[in-house]
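4 protein chains.
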Amino acid sequence: MPGTSDLIRTAVAGRVYDLEQPRMAGMPIHPAHRPGYTYHLHRRHRDGYLPEKFGPRSGASGLLFMMEHTGTHIDALSHQASDLRLYGGVEVTPQVETVKGFTVHGIETMSPIVARGVLLDICGVRKQDPLPERYRITAADLEAAARLAEVTVEPGDALLVRTGYAKLWNDEDRYLRAAGVSVEGSKWAASRRVRCVGCDNMTWDETEERDPESGATLFGHLHLLARSGIPIIENLDLEGLSRDRVREFLFICTPLKFVGATGSPVRPIAVA
Amino acid sequence: MPGTSDLIRTAVAGRVYDLEQPRMAGMPIHPAHRPGYTYHLHRRHRDGYLPEKFGPRSGASGLLFMMEHTGTHIDALSHQASDLRLYGGVEVTPQVETVKGFTVHGIETMSPIVARGVLLDICGVRKQDPLPERYRITAADLEAAARLAEVTVEPGDALLVRTGYAKLWNDEDRYLRAAGVSVEGSKWAASRRVRCVGCDNMTWDETEERDPESGATLFGHLHLLARSGIPIIENLDLEGLSRDRVREFLFICTPLKFVGATGSPVRPIAVA
Amino acid sequence: MPGTSDLIRTAVAGRVYDLEQPRMAGMPIHPAHRPGYTYHLHRRHRDGYLPEKFGPRSGASGLLFMMEHTGTHIDALSHQASDLRLYGGVEVTPQVETVKGFTVHGIETMSPIVARGVLLDICGVRKQDPLPERYRITAADLEAAARLAEVTVEPGDALLVRTGYAKLWNDEDRYLRAAGVSVEGSKWAASRRVRCVGCDNMTWDETEERDPESGATLFGHLHLLARSGIPIIENLDLEGLSRDRVREFLFICTPLKFVGATGSPVRPIAVA
Amino acid sequence: MPGTSDLIRTAVAGRVYDLEQPRMAGMPIHPAHRPGYTYHLHRRHRDGYLPEKFGPRSGASGLLFMMEHTGTHIDALSHQASDLRLYGGVEVTPQVETVKGFTVHGIETMSPIVARGVLLDICGVRKQDPLPERYRITAADLEAAARLAEVTVEPGDALLVRTGYAKLWNDEDRYLRAAGVSVEGSKWAASRRVRCVGCDNMTWDETEERDPESGATLFGHLHLLARSGIPIIENLDLEGLSRDRVREFLFICTPLKFVGATGSPVRPIAVA
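Residue numbers (our numbering), protein chains in the order written: chain A, 1 to 272; chain B, 273 to 544; chain C, 545 to 816; chain D, 817 to 1088.
Calculated lysine to aspartate or glutamate pairs in the EDC-like style (CA-CA distance at most 20 Å, straight line):
1. K869(D) x E757(C)
2. K983(D) x D834(D)
3. K869(D) x D627(C)
4. K671(C) x E783(C)
5. K916(D) x D591(C)
Keep in mind that the hints were calculated from the coordinates and are not lab data.
Turn these sequences into a full structure, and let the hints guide you.
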């Protein structure tokens, strides 16, 4: 397998960028997903340490209570509907949306993402880092960022858009007023037929904008997930890629297969 | 960046093996980590569907209650102690083991794993698939499997050991009596100075064996995590790799950064 | 307030019967409410014990994850519907059944129950203790038990029916095959216009019986909750009352006001 | 049983005061017990409504995630320690404080409370309702309130102290700055050898006061629970009793028997 050996050698030699924000109680949470996240250590090492009976070994472990849309995460296609239809025209019936979760488009149906990644760093275009609060990233901004980066967004790519808000992860108030992608920007992204999109804010969309045509809030969610079948990754940390001016990279994102769930926490990486 | 372009091209052209088991209530759970896992859809599409006010968009979401050692997961170094010391001799004091989790060796300190992966398929060596219940995989088995696969386990590799029990994921009783790696086998693995180990059973170790020297149960946990600093991945699905006789591959595993936690669910992949 | 003084004196002098089963992981759980119950101590005394800074005091506390229909509990009227209508003909619309729970007939709308209690001890009538597995308690059994106890069931009473299964609380298999009240028995109870009913089994109803007329499983749930507005208390421990041959008592049951919930764990008491 | 008949008649004729605050996400939570409380309806009526197969009946149910010290609740004696000893000198060893909770003084060991209740309405004494923020109720205040109410606090009583903050249940900021009982006040209460104490604030104690002698915060917790064996009930709603000038009543409080837990949500009632 010569190809595999090359792949291993190049990947292992590459620099790995960790695009996940740390998860802890107190991190920013979207109001619809509160209380969001909590971890509790419940078994301590001393609990099971009985050397005369079991030798020197002891274990500790904890439990997680969390909404799947907390921290850095990816949305499953079942997360959004358009007039009560999921992507592909699947009607939201009781057979589709069940007490155990979705029987269609649950996150477990999403393959691991191994794709070319491109970073469109809007801060560079707008010369503000982070972008102004609630700034709406236009299609022209996205095109300008691609030109500046000398990349072309191709079908199948992972398209990451940077607002610069990742550094405000410890400031929920400001983070929730982040810049986001506008209605036109989401249409532009969808028309590129990308594998997925991602952003370093809570919602991809700028939350106060409405689609003038349909009246929809979070239009990108509607258009990308429910109409175009393109998953959205939120709360990325794109600071390292930006700092090193990495614009093109191997992007890997592996959603956990929570059967029936509408999303998954993820730790995407970029290798370059 | 010619290296990156090559990396992207090779990786995207590669075949991706998904090494994660599906997660659902009823999957096998180690007795120490019950109730283990449950997902509940709590927001339904109809809950927020008010087209005259908000347009055609609606969202659904759920919540997860889970122990971090459920499903396919990786153990943080803080998960195990030897005479109340973590890897590196860190004493388990109240400053280290706190109400918010571990301040040393929490899972958030583990880098994404991008490594050469090797599969030691013990079923091929022993000519039984799955291996007999509670079979203890010896160092000789591991060496025989490496010879058969024509691979050498090198420092930094991800070493995956196959028992064949992944196919019993829907049969908790049998799955919990799986074959596992013996005391000698764990010593062999640790001496290879690998980046991590993984197995297609609940505990890596064969659970009824005790280290004759120290009296420890789950000796591999003690030796690999607490003494050697080598994380363990459990509940892998190695059936696809075995079927395609893939013995060497790019291995990627990205633990979620739950601050202070003793492990993380993961969806490791192999690319070949 | 002479009445109050008398009340206090008599009540404090009375014998208090605790009708609640202990709650712990591993107690019997109805399959529809699994995993049911778990308690985790997460803050330990040593975590906050810093005498030089805070003096001698330290605190410990934990967390509960539970379905509201676990252990000894009372069903809210919102728990059951008949042809998608709650008690009083309230249609189950998205305004009634919301993401935050029920806006009508949630458990918080139920007043504390302070009522005359009567125990109908069917084991005495049938001369078997516990009753045979899956025995269906008839209206004639209930009437015979009332005669034997020399009590008349009156409107407003708390009507408790004893199968003798409380002593099998540690044996989930047998407990889930308990005797229960038949279709006819539930009709009899409802016709007495009691304040509430209760039983020492998981479901009041015998779970394999179906109403021949409507085809409904758990007919008592349908008839008592959705049609008659009479709450059901499940998993009572009636052994003490039976042992002391107490047939009439002051019954007190105080559902917790979980806003919107379909039931509440309770610790009912009898004072006699 | 003539006594029982009288008891029933008087109790049923009495007025029942509900002393519990409603429970919902967003209610005030002590910082040490966040996120505190959340309820999620996960089974909806429509999920199981299949009339042709199961008749007209359907059920709905939810799940609770909560800390035991949220909402109106009672503290178990295991909740507090003095120099790592629980009430009665029980040392906090790993055998006492375990992964399943406390094996001594868990809330399941607390009997139902059926006692004479007395209300000391400090707002009446101080002529401010609610009391000023962070006001520390003195022993003299408690004695003055008893005189005003013409009651004597006796051993075995349930002693309820009113600050007037219950009406601020919807205003977490102000509620967390409530008046509370001073060090001297807690000593006075303990010296009365009461069955339990309760208050209409988050912590009984005024949270900024320290015991000058030991340096302890929340001195009442230390003194009442760990040293005197007297449980504390928090977040009571005493507005109804105050409005009706009820000073003496039958008090009933039934902690749920969560085995090993350090407290329980309760719905205490007063009957007068």
